[in-house]
Amino acid sequence: MHDQNIVEALRPVLKHKVKENTEEDIMLCYQCGKCSAGCPLIDEMDIAPNQILRMLQTEIPELEEKVLKSLAIWLCLACEQCYSRCPKDVDLPKIMDYLRAESIRRDLVNPKAKEILAFHKSFLDSVRLTGKLYEIGLIAGYKMRTMHLLQDVNVAPTMYFNGKLNLFPSQVKNKKAIKRIFEKALREEENK
Amino acid sequence: MQELHNKIKSILENGSASLFIAYQKSREGKITPTFITKPEQSQKAYFGDDCKQNLAVYIHKQEVKNFGKVGIFANIYTLKSLLQIYAENQIRDDYLKVVTINPNGAIVEFANFMEIENYVNENKPAPNPEDMERVEKLSNLSREERWDYWLNELSTCIKCYACRAACPMCYCTKCTVDCNQPQWISTPSHSLGNIEWHIMRAMHLAGRCVECNECARVCPMDIPLNLLTVKLNDTANIEFGQQAGLKGELDYALSTFKVDDKENFIR
Amino acid sequence: MIKIAYFPGCSLEGSSKEYNESLLAVSKEFEIQLEEVHDWNCCGATAAHNLNKVLSISLPARTLALAEKQGFSEILVPCAACYSRLLTAYNELNKDAALLEKVKEILEIDFSAKVKPFTVIDFIQKHIQPKLKEKVKKPLNAKIACYYGCLLVRPPKLVEVERYEDPLMMESIVKELGATPLDWAFKTECCGAGLSVSRTSTVGKLCSKILDDALSRGATMFAVACPMCQSNLDMRRRNANVFLNEKADAPVLFITQLIGLALGLDKKELGLQRHFVPFNLEIFDKPIPKETLGKSKKVEEV
Amino acid sequence: MSNFEPKIIAFVCNWCTYAGADLAGTSRIKYAPNVRIVRFPCTGRIDFMLLLKALQTGADGIIVSGCHPADCHYTAGNYHARRRWIIFKSLLDFVGFDTGRITFSWVSAAEGAKWAQIVNETVDKIRDLGPYTDYSNLNKLGVGTITEVLNARTA
Amino acid sequence: MSRIGVFICHCGENIGGTVDCEKVAETAAKYPGVAYSVDYKYMCSDPGQNMIKDAIKEHKLTGVVVAACSPRMHEPTFRKAVSEAGINPFLCEMANLREHCSWVHLKDDSTTEKAEELVKVLVEKVKRNQPLEPIKVPVTKTALVLGGGIAGIQAALDIANSGHKVIMIEKSPSIGGHMSQLSETFPTLDCSQCILTPRMVEVAQHPNITLYTYAELVGLDGFIGNFQASIKLKAKSIDHDICNGCGDCIAKCPIKKIPDEFNAGLGTRTAVYVPFPQAVPNKPVIDRENCTYFTRDGKCGLCAKVCTKGAIDYSQKDEIITIDVGAVVVATGFDIKGTDFFPEYGYGRYKDVITGLQFERLASASGPTLGEIKRPSDGKVPQNIVFIACAGSRDPAKGIEYCSKICCMYTAKHAMLYKHKVHQGKASVFYMDIRAGGKMYEEFVRRAIEEDDVNYIRGRVSRIYEKNGKLIVKGVDTLLDAYPVEIEADMVVLATAGIANEGSEELAQSLHISYDQHNFFAEAHPKLKPVETNTAGIMLAGACQSPKDIPDSVSQASGAAVKVAALFSKDELTRDPLIAYVNRCGPPTYSTCVGCFLCVSVCPYLAIEKEQIKDRNGNLIKEVAKINPGLCQGCGTCVALCRSKSIDIYGYSHSQVFAEVMALFNERSLENV
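Residue numbers (our numbering), protein chains in the order written: chain A, 1 to 192; chain B, 1 to 267; chain C, 1 to 302; chain D, 1 to 155; chain E, 1 to 673.
In isolation and in its complexed conformation, chain A is listed as follows (with noise of 0.2 Å):
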């Protein structure tokens, strides 16, 4: 065998290594487009959720790093309009997490979901160092990620004045174990 033909063979396929870890067959998919057309955010993205789903179905390796590197698994909301609807029960939220983390593996997240990303981090350093979300922190954290040091100056002070916001975090007592749980569960994905 040519030696390109080894190395092709022995590319995990990302569709197969999505059904490894999510149990979701994308190959049931067969295009009707119903996610698309339920999809809250298909103007924004720049790849359709069929589209997503029919680029893995080739198996093409530009394709599935086309689809890593999009916007469209960062700006999807998991709010299950397409699962609920698709004929195929073709779980696209589950893919999407599932795609969002390979693509933070890969290194290809898209440029303009580092916002999204961000939020997603801060929010989490927000819990593993509280055990709760300290809306603060995250703002905060948010904005030092981002460099959008401006961003909601408009909603803060009647956040604040309306005491929506805590100065304070709240705290869960038993921190050890959330940062454990933390620890752990990265360890989990880093063996993957």
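Hints listed in this document are in silico derivations from the structure and should not be mistaken for laboratory results. Note that the structure is predicted; figures quoted are calculated from it, not measured. You may find that some hints are simply not true.
[Unchecked claim] Below, simulated SDA-like cross-link-like pairs (lysine to any residue); rule was C-alpha separation at most 25 Å, straight line:
| hint | chain 1 | residue 1 | chain 2 | residue 2 |
| --- | --- | --- | --- | --- |
| 1 | C | 17 | C | 249 |
| 2 | B | 262 | E | 109 |
| 3 | D | 125 | E | 109 |
| 4 | B | 65 | B | 29 |
| 5 | A | 176 | C | 288 |
Since the structure of chain A is already known, use the hints to place chains B, C, D and E on it.
Below, chains B, C, D and E alone, put in the same frame as chain A:
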């Protein structure tokens, strides 16, 4: 007891039966069946917790059938047996007068099998915990240990067929064990024939055995062969939700099916 | 006094305090004690399952485990996002024994994942609604658009809701409060939820569509049962108004606040001063507008 | 044990598995020659006693195969058979027979390849397990030699 | 003492190339009871067959084993050959040395050894074979046709025209079925009723056809050639012998608001009614569920007052009749899913979201709008109409995974009809695939697109909701990178899935025929027996087997009719005698059967009956089981169930299978057999 005697007496007197099958107790305390044909013999009847034998077995006997209408005193297992053989078309409602004593000590006389069905379902005996425990224990052994256990037990069988004779469900005109064309059960005196016989017996009683344990009681070699049918009844109940001796209509796991019956071994 | 395990979640301690306040106030009126699961933690919400599956199960699992250890069999989860996470964890752990073992090892807690989460709508239907009518002191004169958003009704395979495309649970509740429920089309459309901070304008656009559909059909206010729905429709109103021809000023109330108002509870007790879109009691004095547009049919009897 | 060739008897129904085995033939799918097919009209016809007889006569393994559920030529024979095997297997397990030597399967008339696979896997499995003499040996011994059998095993 | 002949076929190289046939023949010669053994190149050839015939005579053989190919291939050949040589054909068995041996194994000693054993098994079997005669059963030459739609009509006419009697039963008051509801038919656009009504009349007037409308099958007993059908004739409450169909009763009936089944719920009808003007028979029935005379205790009675003929008879009762028939054609048709099936399309709440069948009624000249396309909510002519194909079909999540087959074509037809009637209107079709396989079908769809300017959009619709009196239809065009498409429609037509009729499961059970997971009736073989069922004598026609269009239904109906005619072409049927029987012996036992009747319920054919054995004075001695040889199909399930082995079966008897099993692997003689 007096009440029982009176009841038997009146049944024989008013002609609702010309033979009454009941238990009697000898002076040595031995419980045996008695066949009362005259009202004045009613005093012979006895009942107590020690009356274990399943009297339903006599119902099939030609000698008993010759009497026409027959009365029988039945403990709960006998009742279950009667119900089961009724469902299997072996007895008729109008030829049988069944009497029992309920848990409060009162005499109950049944007008028909519908009443027996209701009574049995209200007074359903729990599975014998000792038997269940032994079945459980055996099930937890390794396969080889189980094989050794049963080989050991069944090799002592002398094929006296007391188990068959004592069982009200073994009423076939001709038992397959007596069949020689072909010879289904090997005749030479080796353990293989014993195992064949007991496997066949258990299969034929699966979902039909009422668990009176008479077979084990009468076995001269003390083989706990009731455990085989107890196990299969358990399987029939778990897999198909079927229990023997509770219905006047035929309800037999192996003569019916569900499209979605579950198993885990067929590939 | 009925005692029910309670997982308020982070939002109800912060940006949606009024949901917590009104829920507790209403429960008290019905002699129900909501007992917070001791030392609960954040469910991880969208962020965790966006990034790491095991983490996304383990975080909510800890709360389920704590509730189980504290002797509860079900748990009230007012936030729809938290509910979705807890329910997913509950289902996954019950479906996948290996995962349960793994999570037990991660949490270092031995538990069986048998505590089942339920929503505020479930809670009201079961504990409040049967006695609601007799307790209403001030019937609400309003045309209310009941807004469910996503995770209270989806996915139907996980959340067992009848009529997931056109739910009517909140409608039947507001009807008992004396209000008129609105028949409208966007009650289960997504408000943008998790993108509230990172893509505010997207959220504004999605919210504007929701507002537009309800208001054009004559809604005077909104009822919600999810802190994210509330904050997006309320706090992000300015961003939504950008996309609307006419600025929308209909307030967005939690269903518990509406119940509280009908019971005659104090405005402050229900945290109504905390909203961005101001809420005034005078709103109930105004006549309900006739349907301005369309000819939507009455909501079917529930 | 190295040149042990298992003896396998297959009880199959005429309409599905027998035809499936025919298809394996017309498709020239090769499989182990250790199997001997006995044809029945339907799995419903297969008497449990025949399985015991097969073990007695020296079979090391048994295949019982018929139509898939819902495909029975006689509409329901396989459903009855399925119940019978559930009970029978429960009994054999309880008595300590090595039921791993009995393969139950549904092989349709279209599944020639599955038939070949079932045979091959059964033969491989039995080859690993070795000859089955627990039961058939009893045939050769008189009463009283049971202890010898037991001793032979433990030795 | 048996004298068995063994004939080993080489099948050219097919067997001979792998199996040492000579050796097999030599070994077989030594088997006890074998009188003659030989191998030959081609046993099925004329010389081969003659070899068998000669050997039978020469060696006075009592049984024959031909070891060759699969018995499924040549068993009839060799059985015929041995019978020509004067022995009973059932004394011949085949050992399968080709499909089960030479073709699947390598050339090897073990393969030859296997061949020897296969022969040994069959020798032991054939020693115990009994001579059998085929069973002959008489045929009742009357066919029962269930259902009066186009399939039933076609089958009935074809059978009747071939000279046989037909009983047709139809559950509604008129025959005609779904076809009578259709407007025009694809791909010719000819008027459905115009081509159907003459055939309906022909059925009513045919001397060989007896028509029962408003009737249902309640039970079917018996077997091929000899069925007994129980038919319920529902009370029509009108004596059709007297009624002249004037319609005065209908005009006077005060109950007018009943949703009209014929118009798919779009119109209303009265309680006394004729379903449609061209109905056959064209005489009314009273719908007792809605008539106040019946629902409110004798109130009203107007129809009786106005009927000048005195035909109204409120006292009529349902009647059950029993008819002997020889064959059955099941043509009960299909149903379609309602719009309430779709949560995302409004749970059936929107009046202007309708089914394809409702559109047919709107487009039909005899429909509630006299053929004008007007929407149900306000009667306006829709200017923008959307058709959604695959509504329910190909949707495993909702439980209908199959393609309903007819929707692509009728949707194209609907769009065309709309465009022909509303010239300036806009018609869009959301589709996933266009399945237009059929004569002139693809051309028809292209015409809709190319000539009638129908806008085909490839994609499934996600949602429909109502706003400002419009139906907002949300989809994407998947051919345009999922470009969002939102149409403000005035009316939406869902091509809902074709499904099995309600109650088809029960009907199948009472007919003893199989059905698939979607409750469509199952054909005996998907390719080679598409009109027969697994129960001999019962045929299928039309959409009760799967959704199909008119030409397919009619073809299948004619096919079913030919099957029936072929069956009726003989006075007697012969059947394989491989059936079960309960043993009988002399007094005092009469049979070893003890009469427990556990076997009764295992028989899929209800062939097991109770027989009372009585003495000379008529006193009951015992009750035993008896198998009706006409019903038994020979599965043998009862044989394996019977504890006392009182039931046996020809061809697979206890002694035969026992001997087969014991013959294997057993070096010792079969002393116990």
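Consistency of the hints with the structure:
Of the pairs offered as hints, the one joining residue 17 (chain C) and residue 249 (chain C) holds, with about 21 Å between alpha carbons and a cut-off of 25 Å not exceeded. For the given pair, residue 262 (chain B) sits about 42 Å from residue 109 (chain E) by alpha-carbon distance, which is inconsistent with the 25 Å threshold. For the given pair, residue 125 (chain D) sits about 22 Å from residue 109 (chain E) by alpha-carbon distance, which is consistent with the 25 Å threshold. As the CA atoms of residue 65 (chain B) and residue 29 (chain B) are separated by approximately 29 Å, the hinted pair breaks the 25 Å bound.
Between residue 176 (chain A) and residue 288 (chain C) the CA atoms are separated by roughly 55 Å; this puts the pair beyond 25 Å, and the hint is violated.
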